[in-house]
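Peer 1: Keeping their order, the protein sequence lines are chains A and B. Per our numbering, the very first residue in the first sequence carries number 886; after that it's consecutive. Per our numbering, the very first residue in the second sequence carries number 3; after that it's consecutive.
Honestly, the hints are just simulated from the structure, not real lab data. A hint or two may mislead.
Unchecked claim - Partner residues are not named here, just some residues of chain B that face chain A (Cβ under 7 Å, in silico): (1) P134; (2) M137; (3) T171; (4) L173; (5) G174; (6) H182; (7) E185; (8) I186; (9) Y188; (10) L189; (11) M190; (12) G191.
To be verified - Sample of chain A residues lacking proximity to chain B, with all beta carbon distances greater than 10 Å (derived): (13) S891; (14) L907; (15) S933; (16) R954; (17) D956; (18) T967; (19) A975; (20) L984; (21) F987; (22) E1011; (23) G1014; (24) S1036; (25) Q1053; (26) R1080.
In this text the structure is predicted, and so the values were computed from the model without any measurement. Don't be surprised by glycine CBs; every beta carbon is placed ideally from N, CA and C.
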Amino acid sequence: MLEIDSVEGGYGSVQILNGVTLKVARGQMVALLGGNGTGKSTLLKAISGLLKPTGGTITFDGQRIDGLRPDLIVRRGLVQVTQGKEAYPAMTVEENLRLGAFVRRDRAGVRRTLDRVFEYFPVLRERRGQLAATLSGGQLQMLCIGRGLMSEPKMILLDEPSAALAPQIVLDIFRIIGRICRDGMTLLMVEQNVRMALLLAEYGYVIKDGVIHIEGPAEALIGDDNVRLSYLGGTVADRDRGLGLH
Amino acid sequence: MQYFLDLVIVGLSIGIVYGLVALSISLVYSGLDIVHFAHGEIYMLGAFLGLVVFQFVGAGPGYPLVLLGSMVLTGFVGVAIERLFYRRLTRAGGGYTFAGMGMIICSFGMSIVLQNVAFLIWGPKALPFPVPFGMPIEIGDIALPRSYLWIIIAAVVLMTGLHLFLKKTRLGLAVRAVAHNKEIAYLMGINVPLMISLVFGIACALAAAAGVLIGPINYVQVLMGIGILIKAFAAAVVGGFGNLPGAVVGGLLVGVTESLGAGYVSGNYKDIYAFLLLILVLMLRPSGIFGVDARVKA
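Using the sequences and the hints, build the whole thing.
Peer 2: Written out as structure tokens, the structure is:
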């Protein structure tokens, strides 16, 4: 569904992506892992169109999308779910969700999708009239995932859904992400919480210095010594704290 | 007492024109992060284009048509200015959010360019805007000139329209999204460049409306934009810069203060009162009356 072939790019003269290649098949959940400053977010921006790649190709659903304007990529059914802090604070929960459905014209369909989102996240239904500024961190993350689903995309890109959240809330959110995937969504998830991401995803890529460093099926990566040493932490203390990369 | 009421009515109708210009300046600022110093000239252009439309339509019932025609024409002029000149600059400066000083200088330059263009087309003379409004309406002892009534009604309709557009429509929601964060708006599938044009066009249309509304009271002339720009900035800052309802309230306050000051103290210092008010507000409440956290906009 999404094929990224030796993509290069960066900001000004600073090149961050040095030829990233990865693939996501239809209906699959793939995790993209890596620490700070490895190029994860830059790659997401390149896919969603906020950053023009300087080399390589990005193909979605059989068509090249690299260099396309971001709103046109959304219209093709590839949506980036932002981190929770990127919800619009001065808008209500419902306005945020309706904004997610901006590209759609069918009112009845939008209402159906809204109901489905409320089914995934009942707390959003309770708070639909509240300003997003009043939500907790976990609720904001739910709002952003819901907002991403509102356009009925074919595939979503998740930007660190666990960022800055308490472990219990991360667990809740990952459970719902798993459900969304089982309901037929294709997902590429960027995560720092490596253990959680690999438990959920089928396949994983580890990015380092702007190239794919290691890749493989999720179970293999969890067992991989390199991944364990670099990202999962070797000590019992780390494991008990449930930390991935820190 | 009657004198006082007369002064307040005059103040309110002039003030609502200030408010309209302040509103459009605030709209450009909150939507595009541009402090637009050429907005007085957009107002001037609106008045002249209104005059042009007026000569086509003629007197009689055409005044709303004149208003609308000028708004549409000036709106498109605004869109063209933004596309041709400002967009290159803002793009080079890292997008609309960090436009900064280059943009300020450019809008000053644009103000001079527009003045000279208007000078070349319409000349230096002050032109009358002879709209026959008919006799003043008398309510009790007060004679209310119809032109003032027109101003207040038209301005309130326009402001309400803008409010409903921003709060109730799908496009208005998108405009607010773009105002708050352009990258995230892109990720919502919003055509951000188009929305930027839309915001700028609407702001220019509102300034043009102000120009057309003030036309029948004052003359239409090339240098009419400077005075109103300063007053409108004062109004916008009094209300809280970037805050849309604040701009309207600020405009009304500036208008009434000016009118009362001119009526009771001295007309010679008419332009001072607005700034006394500005200083007072800034001393008591530096962020303006409605000014809150600058990061929560729209």
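Peer 1: Decide, hint by hint, whether the structure agrees.
Peer 2: These are the hints, each one checked on the structure:
no., hint, result
1, P134, "violated, 45 Å"
2, M137, "violated, 47 Å"
3, T171, "violated, 11 Å"
4, L173, "violated, 9 Å"
5, G174, "violated, 10 Å"
6, H182, "holds, 6 Å"
7, E185, "holds, 6 Å"
8, I186, "holds, 5 Å"
9, Y188, "holds, 4 Å"
10, L189, "holds, 5 Å"
11, M190, "holds, 5 Å"
12, G191, "holds, 3 Å"
13, S891, "holds, 25 Å"
14, L907, "holds, 20 Å"
15, S933, "violated, 6 Å"
16, R954, "violated, 8 Å"
17, D956, "violated, 5 Å"
18, T967, "violated, 6 Å"
19, A975, "violated, 5 Å"
20, L984, "violated, 5 Å"
21, F987, "violated, 5 Å"
22, E1011, "holds, 22 Å"
23, G1014, "holds, 14 Å"
24, S1036, "violated, 6 Å"
25, Q1053, "holds, 27 Å"
26, R1080, "holds, 28 Å"
In this structure, the hints that do not hold are numbers 1, 2, 3, 4, 5, 15, 16, 17, 18, 19, 20, 21, 24, in rising order.
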